[in-house]
Every structure is written in structure tokens, then in C-alpha cells.
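**Student:** Sequence:
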Amino acid sequence: MFSIIDAALSRSRTMLTLLVMILIAGVITYVTIPKESSPDITIPIIYVSVGHQGISPTDAERLLVRPIEQELRSIEGVKEMTSVASEGHASVTLEFSVGVDLDKAMADV
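First residue of the sequence shown? That's 0 in numbering that gives the first Met the number 0, and the numbers climb one at a time after it.
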């Protein structure tokens with residue numbers, strides 16, 4: 000192991016030249032790799048938001064979140080459902096499995 004380090008230290012110009020060549024090759028490779036500035040990525044998430052003036056978080060959970068969750072459980076392809084109840088507001092976030100038709104899922108919601 001020490002022989003590799005000793006060889007590198009004794010040939011500092013060669014090592015510096017090799018480092019610069021690797022750096023230049025990396026920059027050229029980065030520039031030539033095809034990139035898309037704004038790729039078309041579909042995120043399989045639907046966000047449902049419901050507001051009700053003057054309702055407490057406990058009532059929002061009981062009157063808004065639970066009935067919405069119960070209805071949304073029947074939608075096919077739901078991977079995860081997250082709910083938040085706060086004062087005067089409730090929201091449900093539905094995360095779908097990859098490959099689910101989001102237009103159909105949105106119509107079902």
C-alpha cells in the first residue's frame with residue numbers, strides 16, 4: 000500500500016497531469032450527456048382540501064376527515080392515505096401506486 004503512495008508522491012507531475020485529464024474527461028462527459036430541462040414526470044398524488052368555518056380540530060376529524068376517508072378507501076390503486084384536521088380545515092392526501100390512471104382516479108375522487 001505504501002509503495003503506491005510513495006510512487007504517487009515521487010511522480011507528482013504525472014499524478015497532477017492524470018488528475019487534470021480525468022477532470023477534463025468528466026466535464027466533457029457531463030456536457031455531452033443528453034439532458035431534459037423539464038422532464039414530464041407525473042407524481043401520483045391527489046390532494047383533497049375541505050374547509051368549514053368555526054369548526055374545531057376534533058370536530059373536523061369526526062365530521063370531515065372520517066367520512067371522506069371512508070369514501071376514498073374504495074378507490075382502486077390507493078397506496079397511502081394521509082389526513083390532517085385543523086381548526087376550520089381538513090385535508091386528505093392520496094398517494095397512488097405507479098401506473099394508476101390519475102385522470103380516472105381524479106374522476107373517482
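None of these hints come from the bench; they were simulated from the model. Among the clues, some could well be false.
Said to hold, decoys possible - Pairs of lysine to any residue, SDA-like flavour, derived with a Cα cap of 25 angstroms: (1) 103 x 58; (2) 103 x 87; (3) 103 x 72; (4) 103 x 40; (5) 78 x 22; (6) 78 x 64; (7) 34 x 49; (8) 34 x 80; (9) 78 x 53; (10) 103 x 39; (11) 103 x 80; (12) 103 x 22; (13) 78 x 34; (14) 103 x 55; (15) 78 x 45; (16) 34 x 22; (17) 103 x 52; (18) 78 x 100; (19) 78 x 48; (20) 103 x 85.
Claimed, not checked - Distance windows between CB atoms, simulated: (21) 33 x 92: 31 to 37 angstroms; (22) 15 x 38: 34 to 40 angstroms; (23) 34 x 102: 16 to 22 angstroms; (24) 97 x 14: 43 to 49 angstroms; (25) 94 x 57: 43 to 49 angstroms; (26) 16 x 97: 43 to 49 angstroms; (27) 2 x 97: 32 to 38 angstroms; (28) 38 x 65: 35 to 41 angstroms.
Note that CB positions come from ideal geometry on N, CA and C, so glycine has one too.
**Student:** A separate judgement is required for each hint: does it hold in the structure or not?
**Tutor:** Hints and how they fare:
Under the criterion of a C-alpha separation no larger than 25 angstroms, the hint pairing residue 103 with residue 58 is inconsistent with the structure, at around 31 angstroms. Our distance criterion of 25 angstroms between C-alpha atoms is broken by residue 103 and residue 87, whose separation comes to about 29 angstroms. Proximity of residue 103 to residue 72 is assessed by CA-CA distance (about 15 angstroms); at most 25 angstroms being required, the pair is judged to hold. With a C-alpha separation of about 18 angstroms, the suggested pairing of residue 103 with residue 40 holds against the 25 angstroms cut-off.
A hinted pair counts as satisfied when its Cα atoms are at most 25 angstroms apart, and residue 78 with residue 22 does not qualify at roughly 44 angstroms. Among the hinted pairs, residue 78 with residue 64 is consistent with the structure: their alpha-carbon atoms are about 18 angstroms apart, no more than 25 angstroms. For the given pair, residue 34 sits about 40 angstroms from residue 49 by alpha-carbon distance, which is inconsistent with the 25 angstroms threshold. As the CA atoms of residue 34 and residue 80 are separated by approximately 34 angstroms, the hinted pair breaks the 25 angstroms bound.
Proposed proximity of residue 78 and residue 53 is contradicted: the alpha carbons are some 32 angstroms apart, above 25 angstroms. With a C-alpha separation of about 19 angstroms, the suggested pairing of residue 103 with residue 39 holds against the 25 angstroms cut-off. Annotation: proposed proximity of residue 103 to residue 80 holds, straight-line Cα distance about 17 angstroms (limit 25 angstroms). Under the criterion of a C-alpha separation no larger than 25 angstroms, the hint pairing residue 103 with residue 22 is inconsistent with the structure, at around 49 angstroms.
Restraint check for residue 78 and residue 34: the C-alpha separation of about 31 angstroms exceeds 25 angstroms, so the hint is violated. Between residue 103 and residue 55, the direct Cα distance comes to roughly 33 angstroms. Violation of the 25 angstroms bound is thereby established for this hinted pair. This hinted pair checks out: residue 78 and residue 45 have alpha carbons roughly 12 angstroms apart, not beyond 25 angstroms. For the hint linking residue 34 to residue 22, the alpha-carbon distance of about 20 angstroms falls within 25 angstroms, and the restraint holds.
Restraint check for residue 103 and residue 52: not satisfied, since their Cα atoms lie roughly 31 angstroms apart, outside the 25 angstroms limit. Distance hint between residue 78 and residue 100 is fulfilled; the C-alpha atoms sit about 13 angstroms from each other, no more than 25 angstroms. Distance restraint check for residue 78 and residue 48: the Cα-Cα separation of roughly 19 angstroms lies within the 25 angstroms cut-off, and the hinted pair is therefore satisfied. A threshold of 25 angstroms between alpha carbons decides the hint, and for residue 103 with residue 85 the separation of about 29 angstroms lies outside it, so the pair is violated.
Between residue 33 and residue 92, the C-beta spacing of about 34 angstroms keeps the proposed range 31 to 37 angstroms intact. Between residue 15 and residue 38 the beta carbon distance is about 38 angstroms. The supplied range of 34 to 40 angstroms therefore holds. The hint said 16 to 22 angstroms for the Cβ distance between residue 34 and residue 102, and at roughly 29 angstroms that hint is violated. Range check, residue 97 to residue 14: Cβ separation about 46 angstroms, and the 43 to 49 angstroms hint holds.
Distance hint for residue 94 and residue 57: a CB-CB separation of about 25 angstroms, inconsistent with the stated range 43 to 49 angstroms. The beta-carbon spacing between residue 16 and residue 97, approximately 47 angstroms, falls within the hinted interval of 43 to 49 angstroms. Taking the beta carbon of each, residue 2 and residue 97 are about 51 angstroms apart, not inside 32 to 38 angstroms as hinted. For the pair residue 38 and residue 65, the beta carbons lie near 38 angstroms from each other, so the given range of 35 to 41 angstroms is met.
The structure fails hints 1, 2, 5, 7, 8, 9, 12, 13, 14, 17, 20, 23, 25, 27 (numbered hints given earlier, in ascending order).
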